[in-house]
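Enquirer: What follows is each chain in one-letter form.
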Amino acid sequence: MTALTLESPTRLRGLKVYSWTLLTIMLLPAAILIPLSFSADAAFVFPPRAYSLRWYERLWDQSRWRDAALLSLQVAALAALVATLLGSPAAIGLARLPPRLARSFRQVFIAPLIVPLMVLGVALYFQFAALRLLGSVWSLVLAHTVLVMPFVMITVSARLVSLDPALERAAHASGAGPWKTLARVVLPLLAPAMAAGAAFAFIFSFDEVVIAQFLAGPRLETLPRRLWEGIAIGGLENTITAVTSLQIAIALIGILMVEGWTRRRWNQPAGFAADVSTRLGPSLGLLPAAERGGAAIEFEAVIKRFGDHAAVDCVSLRVEPGEFLTVLGPSGSGKTTLLMLLAGFTGHDSGRILVEGRDIGPVAPHRRDIGVVFQSYALFPHLDVRRNVAFPLSVRGLPRAEIDRRVDEMLHLVRLEAFSTRRITQLSGGQQQRVALARAIVFRPRVLLMDEPLAALDRNLRLDMQIEIKRLHRALGQTVIYVTHDQEEALNLSDRIAIMHSGQMQQVGSPKELYLKPANTFVAGFFGATNLFRGIAAGACLVCSPELALRLPEVRHGRIAASLRPESIELLAADASRRGELAGTVVEVTFQGSVMRLLVAAAGRSLVVTKPSTSPAAAFRPGDAVLLDWDLSALHLMEDEA
Amino acid sequence: MRLWARLAWPRQQMLVTATLMTPALLVMLLLFLLPMGRLLLLSIQGESGPTLAHYAELLRPVYGRLLGFTFQLALVVTLLCLLLGYPIAYLLAATTGSARRWMMVALLLALWLSILARTYAWIILLQRNGVINGLLQAAGIIGQPLELVYNRFGVYVGMVHILLPFMVITLVPTLRAIDPALPRAARSLGASAPVTFLRVYLPLSAPGVLAGSTLVFTMALGFFVTPAVLGGGHATTIAMVIQDQVQNLIDFPLASATSIVLLAASIATLSVYDRLVGIDRIFGGTR
Numbered sequence: 001m002t003a004l005t006l007e008s009p010t011r012l013r014g015l016k017v018y019s020w021t022l023l024t025i026m027l028l029p030a031a032i033l034i035p036l037s038f039s040a041d042a043a044f045v046f047p048p049r050a051y052s053l054r055w056y057e058r059l060w061d062q063s064r065w066r067d068a069a070l071l072s073l074q075v076a077a078l079a080a081l082v083a084t085l086l087g088s089p090a091a092i093g094l095a096r097l098p099p100r101l102a103r104s105f106r107q108v109f110i111a112p113l114i115v116p117l118m119v120l121g122v123a124l125y126f127q128f129a130a131l132r133l134l135g136s137v138w139s140l141v142l143a144h145t146v147l148v149m150p151f152v153m154i155t156v157s158a159r160l161v162s163l164d165p166a167l168e169r170a171a172h173a174s175g176a177g178p179w180k181t182l183a184r185v186v187l188p189l190l191a192p193a194m195a196a197g198a199a200f201a202f203i204f205s206f207d208e209v210v211i212a213q214f215l216a217g218p219r220l221e222t223l224p225r226r227l228w229e230g231i232a233i234g235g236l237e238n239t240i241t242a243v244t245s246l247q248i249a250i251a252l253i254g255i256l257m258v259e260g261w262t263r264r265r266w267n268q269p270a271g272f273a274a275d276v277s278t279r280l281g282p283s284l285g286l287l288p289a290a291e292r293g294g295a296a297i298e299f300e301a302v303i304k305r306f307g308d309h310a311a312v313d314c315v316s317l318r319v320e321p322g323e324f325l326t327v328l329g330p331s332g333s334g335k336t337t338l339l340m341l342l343a344g345f346t347g348h349d350s351g352r353i354l355v356e357g358r359d360i361g362p363v364a365p366h367r368r369d370i371g372v373v374f375q376s377y378a379l380f381p382h383l384d385v386r387r388n389v390a391f392p393l394s395v396r397g398l399p400r401a402e403i404d405r406r407v408d409e410m411l412h413l414v415r416l417e418a419f420s421t422r423r424i425t426q427l428s429g430g431q432q433q434r435v436a437l438a439r440a441i442v443f444r445p446r447v448l449l450m451d452e453p454l455a456a457l458d459r460n461l462r463l464d465m466q467i468e469i470k471r472l473h474r475a476l477g478q479t480v481i482y483v484t485h486d487q488e489e490a491l492n493l494s495d496r497i498a499i500m501h502s503g504q505m506q507q508v509g510s511p512k513e514l515y516l517k518p519a520n521t522f523v524a525g526f527f528g529a530t531n532l533f534r535g536i537a538a539g540a541c542l543v544c545s546p547e548l549a550l551r552l553p554e555v556r557h558g559r560i561a562a563s564l565r566p567e568s569i570e571l572l573a574a575d576a577s578r579r580g581e582l583a584g585t586v587v588e589v590t591f592q593g594s595v596m597r598l599l600v601a602a603a604g605r606s607l608v609v610t611k612p613s614t615s616p617a618a619a620f621r622p623g624d625a626v627l628l629d630w631d632l633s634a635l636h637l638m639e640d641e642a
Numbered sequence: 643m644r645l646w647a648r649l650a651w652p653r654q655q656m657l658v659t660a661t662l663m664t665p666a667l668l669v670m671l672l673l674f675l676l677p678m679g680r681l682l683l684l685s686i687q688g689e690s691g692p693t694l695a696h697y698a699e700l701l702r703p704v705y706g707r708l709l710g711f712t713f714q715l716a717l718v719v720t721l722l723c724l725l726l727g728y729p730i731a732y733l734l735a736a737t738t739g740s741a742r743r744w745m746m747v748a749l750l751l752a753l754w755l756s757i758l759a760r761t762y763a764w765i766i767l768l769q770r771n772g773v774i775n776g777l778l779q780a781a782g783i784i785g786q787p788l789e790l791v792y793n794r795f796g797v798y799v800g801m802v803h804i805l806l807p808f809m810v811i812t813l814v815p816t817l818r819a820i821d822p823a824l825p826r827a828a829r830s831l832g833a834s835a836p837v838t839f840l841r842v843y844l845p846l847s848a849p850g851v852l853a854g855s856t857l858v859f860t861m862a863l864g865f866f867v868t869p870a871v872l873g874g875g876h877a878t879t880i881a882m883v884i885q886d887q888v889q890n891l892i893d894f895p896l897a898s899a900t901s902i903v904l905l906a907a908s909i910a911t912l913s914v915y916d917r918l919v920g921i922d923r924i925f926g927g928t929r
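Protein chains in written order, with our numbering: chain H, 1 to 642; chain Z, 643 to 929.
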């Protein structure tokens, strides 16, 4: 798919022939050894003249080979097990450390892979000799554990990196504490990687001879040691072909098992009980929201810094119970950080955040009783639709019947009854969005946070979902804080809109207030299109440039800005008998459906004018000379902070 | 439970992280860092206080030759693996679906086949009356059997065979991460296919090339089994010298000093890599 389009088919065919030839050579040893192990002959003739099982029989009959094989199996299994039990948690921990610390720990953990086996063998030989542990099975198991732990850690780390960090947050927001999140979300998702790591560890340990030679002493002869002696000292012997064939088979089985398991993993049919945790007891927030209502939220002078940069810069904001408030702002304005502070995923540096008058600063995210819908949805890929929605109830230890009842109700509410046993990957974007919504409200939190939940959907679906979200909000009555950078979305959904810019709250108000009375030039320019005039006011006149002076509706002084919305400008054909505020020339006309958008050059700048498509002004063409006129009261005056 | 719940959230998180990491760190400390420290101490241990005499002994020409050969062997093997492996990695990065899956299975199988088994198989294949000589003679291409094993040629074959999959597997993720739009953009801007490869694709794959080469080089530096068996005494590496010093000469301080030198060479290679690319890449990059 990727580079294919670039390559001529013939060249890629050449590459394929080359690659498969080389891969065949790579597998040649196996291809030779396996037939030879079934040879009836003692001589190495290929292909064999006759076949038999005599070398395998001999292998089993001779106790030295059998014991060696059993010992090796034991050592490899134990080493793989211990390495997985130690290495997987360590890899999870590593991913949570601050980057610089993680870096130094990584170097320690990766080291056994880089240090030559012989050096590690000699070092461990001296160490175990000093401890008088040479020659015990455990000394070899422990040495192999150190050796193979990097395999487990690398495999697990690679999987961790590919996981959406929002998954853990989603578990917390659903009410799962740190350990429960590990057990129910992180570990199940890592299980295939852990199995793969363990398999690699097993295969590597099963084949390791250098360290075994030093540590095991004369009594503990592992299979690789026996082989090594056979090859290096005893010369060629057909029994070895049988042994190595068995090793190849073990490697093959291991690889295929890991392959098969990782693929089947996400296909499990539903049915394992919503389990564990009746310990927590009845948690908060299990009453219908209609009875509880939404909660009031208050930010008091909240500051959050990342290094020198203040992502949230002294924000104060009150959200009324049951209100639908949209936080609108360009990307990087701090709106998502504000949500994350409220949800508890990051701590604020100063100020207070109150829910129902209670400071929730010290409350862990899973005890905040706040539902969160993430931008990436963060649906658990190892659970089906039903169990994703059931998750918050199940971690709160609700009785099975109650969970079933409420999940059914919720799936009905978001119209996904028919999809309850589907895997997450089998859903469309809109369906995933509805699952995420259902999961966030199934435990009836009094506050619901939504972080650009519709950003990934196409326009029509987005409009449908907006109606759906509105409907759910009316039915359930939670307080909703909704983050978006889409103005249309904000207009369609909100009771009030809060506009953020570079970490600061610019203005909070109803959509109409924001549009008609923007508090500053940023809000005026960001919320809806406008023509902004900045200059020095002297009396009832605003001087913007040598060519441009505007009449003002009132007497002002000093540096101010005036906003004039495109639809409040009248356009007239230039005519000596008429007078307007400004004269100009049409530069561009674009049809936008219900309105025409005209760009007019006047007094050394350009102005945007919109007119209904049906109005006479819509007939102007580029190059036409026009007069612009407006009612003086249409000018909205602001302090100019710039 | 009550006590735990009273802890602040960041404190809880920190405790969880510490609990997860402590056992593994303890094992690493006791069974890796401590033995390495002991090795270092032993290498400077003299009859009367610390000494560098064991290191001085390594300055003898014979060790210089052995070290030189070990480095040369590792370098040549690395280059061969890179040249042979890059096209396979390229193909793997460019294909999807079942063709890719089968290639990956073949590669993984080659990666995890027992090293001893493979070394043994190469003897059977390459020896005087082995399979390859047999085939060549039967086809009438050669009259006398060729000396293919128990010399350096055999060692190169065996080592490249073992290390090639490591190279390919390290290369693939970097090549896959190259945005296919970039070579296309180069073509649309007038670069021919070879020029696009040389000036766009190859430079973009440099981190993967470095990662694979470093991995293969450090592994080749410490190789023991393959040169010991397939070299027939004509390809003595430093690892073989160390084994000899421990098991036959029973000169532990000298063996420690030699080990430290080999270790230093590996670490030096790796820190060069760390400077150029960053060791974090081995862990699948950072979040």
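Fair warning: there could be bad hints in the mix.
Residues from chain Z that keep clear of chain H, each with C-beta distances beyond 12 Å, as calculated [to be verified]: (1) Leu657; (2) Ser690; (3) Gly691; (4) Ala698; (5) Ala752; (6) Ala763; (7) Gly772; (8) Ala781; (9) Leu857; (10) Leu904.
Label pairs and their calculated CB-CB ranges [to be verified]: (11) Z:Arg742 with H:Gly623: 56 to 62 Å; (12) Z:Asp821 with H:Pro218: 45 to 51 Å; (13) H:Gly429 with Z:Trp744: 30 to 36 Å; (14) Z:Ala781 with H:Gly217: 45 to 51 Å; (15) H:Glu488 with Z:Leu649: 30 to 36 Å.
Honestly, the hints are just simulated from the structure, not real lab data. Heads up, the beta-carbon is just placed ideally off N, CA and C, and yes, glycines get one too.
Enquirer: Evaluate each hint against the coordinates.
Expert: Outcome of the hint check:
A cut-off of 12 Å between C-beta atoms contradicts the statement that leucine 657 (chain Z) is not in contact with chain H; the least separation is 8 Å. With 12 Å as the threshold on Cβ separation, the claim that serine 690 (chain Z) sits away from chain H holds: the shortest Cβ distance comes to roughly 21 Å. With a cut of 12 Å on Cβ distances, glycine 691 (chain Z) stays outside the contact zone with chain H, its closest approach being about 19 Å. For alanine 698 (chain Z), the shortest C-beta to C-beta distance to chain H comes to about 20 Å, beyond the 12 Å cut-off, and the non-interface label holds.
The beta carbon of alanine 752 (chain Z) is not kept farther than 12 Å from every beta carbon of chain H, the shortest such distance being approximately 4 Å. A beta-carbon of chain H is positioned within 12 Å of the beta-carbon of alanine 763 (chain Z); the least distance is around 3 Å. Remark: the non-interface label on glycine 772 (chain Z) conflicts with the geometry, its nearest Cβ contact in chain H lying 7 Å away (cut-off 12 Å). Look at alanine 781 (chain Z): its CB is around 14 Å from the nearest CB on chain H, clear of 12 Å, so calling it non-interface holds up.
Distance to chain H contradicts leucine 857 (chain Z) as a non-interface residue, since its nearest Cβ pair spans about 9 Å, not more than 12 Å. For leucine 904 (chain Z), the condition that its CB be more than 12 Å from all CB atoms of chain H is violated, with the nearest at approximately 6 Å. Distance hint check: the CB atoms of arginine 742 (chain Z) and glycine 623 (chain H) are about 59 Å apart, consistent with the given range 56 to 62 Å. About 58 Å separates the C-beta atoms of aspartate 821 (chain Z) and proline 218 (chain H), a value inconsistent with the hinted range of 45 to 51 Å.
For glycine 429 (chain H) and tryptophan 744 (chain Z), the Cβ-Cβ distance of about 32 Å falls inside the hinted range of 30 to 36 Å, so the restraint holds. For alanine 781 (chain Z) paired with glycine 217 (chain H), a C-beta distance near 49 Å keeps the hint of 45 to 51 Å intact. Checked against the given bound of 30 to 36 Å, the beta carbons of glutamate 488 (chain H) and leucine 649 (chain Z), roughly 44 Å apart, lie outside it.
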